[in-house]
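Residue numbers (our numbering), protein chains in the order written: chain A, 148 to 405; chain B, 24 to 194; chain C, 5 to 405.
Treat the hints with care, as some may be off.
Claimed, not checked - Covered by chain A, according to a simulated footprint, are these stretches of chain C (three or more residues, beta-carbon under 8 Å):
(1) 18-32
(2) 95-104
(3) 115-121
(4) 180-190
Hints in this document: simulated from the structure, not taken from any laboratory. Just so you know, these numbers come straight off a predicted model, no measurement behind them. By construction, the Cβ of each residue, glycine as well, lies at the ideal position given by its N, Cα and C atoms.
Here is what each chain is made of, one letter per residue.
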Amino acid sequence: MGKHNDQPDGKRRQFIGGTILAAGAATVAPGILLTVAQATGESQGVSSDVRYGMLIDTDKCVADCTACVDACDKENGLDLQQKPKGQSDDDWNAQRPQWVRKVQLKDRQTGDITDLPMMCQHCEFPPCVDVCPTGASFRRADGIVMVDRHTCIGCRYCMMACPYKARSFIHQNVVNQLVAAPRGKGCVESCNFCVHRIDAGKMTTACQDACAKEGHQAIVFGDLKNPESEIASILREKNSRQIRADLELNTGVRYTDL
Amino acid sequence: MLSSTGIRRFAGVLMAGAFTFLTTGVLGDSAVTPGSKAAGMEACVAPTAEMRRNHMDYLKHDRIKTVRKGIRDIRNSLADCVDCHAAKNGSGGYAQIDSEGQFCDKCHNYMAVDLACFQCHRKTPGEEKLSQSALDGGNVDHRLGLLRDKDAPAALAADELVQLQAIVQED
Amino acid sequence: MKKMHFSELWCSSPRYWGGLSFLAFLVLLGLGAFYHMEHNGHWVTGMSNHLVWGLPHVFAIFMIVAASGALNVASIGSVFGGPMYKPLGRFSGLLAIGLLAGGLMVLVLDLGRPDRLIVAMTNFNMKSIFTWNILLYTGFFAIVGIYIWTMIDRKATQYYTVAGYVAFFWRLVLTTGTGSIFGFLVAREAYDAAIMAPMFIIMSFSFGLAFFIITLISAYWWAGRTLGEVRLARLKHLLGVFVGAVLYFSFVYHLTNLYMTQHHGVERFILLEGGIYTVMFWLGHVVVGSVIPLFLIYSPAFATSRFAIGTASVLVLLGGFLQLYVIVIGGQAYPMNIFPGKEVIASSFLDGSIVQYTPTPAEGLLGIAGMAVAVTMVAIGARMLKVFPDSLEDPAEVEHA
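Next up, chain A with everything else stripped away, as it sits in the complex:
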């Protein structure tokens, strides 16, 4: 990982190959290739001129602080979902949704301790999108990887495929939601960079705001493709890493001092 911002050049790596994709394009139901094709046509639609990403400075991330997690839960109404009656705490902990989680790591070599928030890494080549049978898992033109919960059938193949365990399945009826974040039983969901805020023109995510409010400022969100953006300039100055860079997924979330 050098000090560079290895951004996509539009060439899509393919798992199965061009032929299949071409055959697929001909037979595929409308809506699936839409995302790829519709980058710029619509006046207000999201555009592939931007790619949203996040940079996390693990040095600034503080152990036992869960401000980002709490903010995410509140922003997306995850905290409105409660433990089903009669369920054990262990089961609930294994089943409750977590879009972002705090992880503490120790380097096996140096013994260094690192704290970081872990969430959907918004890959350029997301395995979840590749495996989704209905095309519900998709990557928006602006690089946000998310689930269209109108076509998700709840097969959970994406959860099996995700190298970051970033996705959660809703295991129960949800009775209370926020207007901005519909969610309900039987679908898979994950961090979507607070897409409702982004679309509304607000250029921060809830976790970032919360982290800044705590005074840590470990999270920077922004447009990776815009050289003027804060995130792009930090990426130029500092060494950053992708988690599981060996998989060559070109993640949109990067970590410094990892």
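Use these hints to put chains B and C onto chain A, whose structure you have.
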């Protein structure tokens, strides 16, 4: 349980003709519920007759725009439907829009249409819609729906109270 | 060769209907379990965000894999020209369809939103191996249906060979596809092996044939028809070869994993320290599912024992099921290596720790119902169609077979 939209669709087409007749006959002039914002307004997002007939297609068409392309100011926003059509209940809050006798249930109940939408979508007007606030140019997200409405009584449902407290704490 | 005569499978009514009502009861239980799971949501199962695919998936994959193998007998009859197997082709096709239907039913009923099945059938992401599997399964029904038809209807016999080849090819692709479902999970170490797809093919041969032998013996016993020793011995020896091959592949799979340093952890987990998974692997897959059946098959003491053949087949299925359990569930229970070179000290999301999974009865009932659906389809199909030869007495001159 394994509902087939195709079959429902077909039944719907059959009933569409009978339906225009029924709405005027059985349900009275309007399905709009008293106590909702819509009750005091002139028109829906499209001509009423058109809405009656085509709202499902509009909704399903527009939601692709929002989810896939990030276009938020769609004409047929489900959150907007709820905003206008949810009725106040006696205790100052809102009745759930899909509960018995409420707007989205009235005709559906009659036609045996089982809406899945509100398994995920909020059934009452909630915080101010963000796209709205963005269009107005301000970042007034997380304002409560009730406070927005000047002539509405300042009463809160339990969950709204929780939200309000959260906001107050934040500020 | 003497002309074979086929007829519908008749047996005394109480026996037939008694059997069917028992199956119907199992199916009803399974539907109850399905309702329970869908009504409440998956929190009533042992599955979680960490153990994503559970017991229903083991059942489903087991049956789908076996389905393609069950067609093996027909393929040998038509593609490899084995006259001893040819009369068994129709039943082989029927069993394959039944097993596939049962497996798919379990898979579908476990979806988070089974009400959206129509979405799955109308929105395809052609890059997904899952989508390819949906197409492969659908095609399988059609092709095997036609194949059976070319075997039964005299007017269609000219297409028999073509249909046989297509079916043979299709089923190999289908099993490869099922195996690839796991092969595509690059991030999960247990599944990241090229050998996965061929291993699934050989597993399908073994499980499918075991199913075939059991159902064949029971059908002929049920209807009081004759089943020759030599023919059974043939099937038995074939099963022996397949069981040996599965064991061999399993060996190679773990050996290659042991060569890759980053896979040592998961290997140690499965082979040594995995508790229940280790027991299932050694006792279930190796001893019960392979060694004992091989002994029953090849020991001269049981040369003609029908009981031994039946037992061996049942054990093969049991061991195969446990083998899949270890692959599917054991492979998920072991933590994914998200942060290479780092040790996870704390995480609210069970990063770096072994996941516990206890299936609930509902999951098991759903799986068993899938099996019952398969058998029911076979029982009804055999009664309505001419799939079984009146007699499977050994032919006079066996040498040419």
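Subject >> 8 Å C-beta criterion, at least three residues: is the region 180-190 of chain C covered by chain A >> reply: holds (count 4)
**OP:** Three residues minimum, CB to CB under 8 Å: does the region 115-121 of chain C make the cut for coverage by chain A? Let me know.
**Re:** holds (count 6)
**OP:** Report holds or violated for chain A covering the region 95-104 of chain C, Cβ cut-off 8 Å, minimum 3 residues.
**Re:** violated (count 0)
Original post:
Mind checking, does the region 18-32 of chain C have 3 or more residues with a CB under 8 Å from chain A?
Top reply: violated (count 0)
Hint compliance for this structure: hints 1, 2 are not met, and every other hint is.
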